[in-house]
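Participant: From just these sequences and the hints, can you work out the full model?
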Amino acid sequence: MSITLSAGGIAAAFLGALTKAHGPAFWVAVAAFGLAAVATIIAYWPVTFAWDFDGYELVSNYVDRKPPATEDFVMRELAVHAADDYGENRQRLNRLFTLQSFALLAFGVEVGALLINLAVR
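If you read the sequence shown in my numbering, its first letter stands for residue 1, the second for the next number, and so on.
It should be emphasised that the hints constitute simulated quantities derived from the structure, not laboratory data.
Ideal placement from N, C-alpha and C gives every residue a C-beta, glycine not left out.
Take the hints with a grain of salt, since some may be wrong.
Label pairs and their computed distance ranges (CB to CB) [unchecked claim]: (1) F14 <-> L58: 53 to 61 Å; (2) V120 <-> Y44: 30 to 38 Å; (3) V74 <-> G112: 53 to 61 Å; (4) E88 <-> I3: 19 to 27 Å.
Facilitator: What follows is the structure, encoded as structure tokens:
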């Protein structure tokens with residue numbers, strides 16, 4: 001997403017500098033760039049991914065206890081923990097994908113509006 005925002009800034013600098021006219025298409029481009037910036041900020045603030053595996057906790061809860069947990073029980077617990085983390089990460093990735101798509105659409109609108117502004121000067 002940062003690359004999309006950077007490309008939008010570069011497009012604005014080059015295409016916007018080619019004309020001094022600030023018609024409606026120019027302001028649409030400015031708004032689209034602002035929306036891409038907002039989408040980028042929302043996407044990256046805050047982002048964390050779940051994977052909080054503590055090997056010491058695993059050993060103390062499943063191996064060092066009396067009697068030790070069975071191998072099947074330990075594998076089941078690990079699978080459940082991994083599935084929970086996968087589900088949480090999938091939600092975060094879906095959010096990022098949606099915001100990325102929105103930022104790319106805003107970038108396309110920005111460049112299109114700048115080209116229209118350039119063409120009608």
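Participant: Now, for every hint given, state plainly whether the structure supports it.
Facilitator: Now the hints, each set against the structure:
Here the CB-CB span from F14 to L58 is close to 55 Å, well matched to the stated 53 to 61 Å. At about 36 Å, the CB distance of V120 to Y44 agrees with the hint of 30 to 38 Å. V74 and G112 have their C-beta atoms about 56 Å apart, which keeps the hinted 53 to 61 Å range intact. Take E88 and I3: their Cβ atoms lie about 26 Å apart, and the range 19 to 27 Å holds.
Every hint from the earlier list agrees with this structure, and none is contradicted.
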